[in-house]
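Student: Sequence:
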Amino acid sequence: MSEYPALPAFSLALVALFLKTTMTSLLQVAARFRTRSFSAPEDAKWAGVPLASVEANLVQRCNSVWRNDVENLPLFLALALSYVLLGATLASAGTLFAVYVALRYLHTAVYLRGLQPWRAIFYLGGIAVCCAIAVQIIRMLLVVRPV
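Take any residue in the sequence shown, note its place counting from 1, add 75, and you have its number in this note's numbering.
Since the hints were made in silico from the structure, they are not lab data. The C-beta atom is built at its ideal place from N, Cα and C for all residues, glycine as well. Check before you lean on any hint, since a few could be wrong.
Stated by the list, open to error - Here are the computed distance ranges between Cβ atoms for each label pair:
{"hint": "1", "residue 1": "L217", "residue 2": "A173", "range": "22 to 32 angstroms"}
{"hint": "2", "residue 1": "A203", "residue 2": "T110", "range": "16 to 26 angstroms"}
{"hint": "3", "residue 1": "I202", "residue 2": "L101", "range": "22 to 32 angstroms"}
{"hint": "4", "residue 1": "P125", "residue 2": "S77", "range": "54 to 64 angstroms"}
{"hint": "5", "residue 1": "R109", "residue 2": "A209", "range": "35 to 45 angstroms"}
{"hint": "6", "residue 1": "S157", "residue 2": "L126", "range": "38 to 48 angstroms"}
{"hint": "7", "residue 1": "V124", "residue 2": "A166", "range": "50 to 60 angstroms"}
{"hint": "8", "residue 1": "A177", "residue 2": "E146", "range": "11 to 21 angstroms"}
{"hint": "9", "residue 1": "V210", "residue 2": "V129", "range": "39 to 49 angstroms"}
{"hint": "10", "residue 1": "L94", "residue 2": "S167", "range": "18 to 28 angstroms"}
Sequences and hints are given; from them, build the entire structure.
Tutor: Structure (structure tokens):
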């Protein structure tokens, strides 16, 4: 198919993470309308409600999930793409990427519900997957390949 056998796994992970972040955004919008909680003046005016002094809990949690994704997903995607471009196997990359995506979905679900220690466990699991990918990248770079 391509000289990058793990590219399909990367593409699937990318789409799955896109869907997760999009669902979080849509949930936040729905929560704002359901609670009539708008912190931006133009949004409150558009919805015909007073400006919220404090956002609803679910809106705050969606914001926190979003910030966490913005901090963590780019690092995973950069590591994952590097791993693919270095020639990762589909089996190895597919497993690592699927585990990471599953952990991020679980992390989001427990974050939205405020469940510790599960939030920390799933977050640290994602970090562990990123570390495993980084180790694989270093191993691939240190292997001397015949010219």
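Student: Can you list which hints this structure breaks, lowest number first?
Tutor: Violated hint: only 2; rest satisfied.
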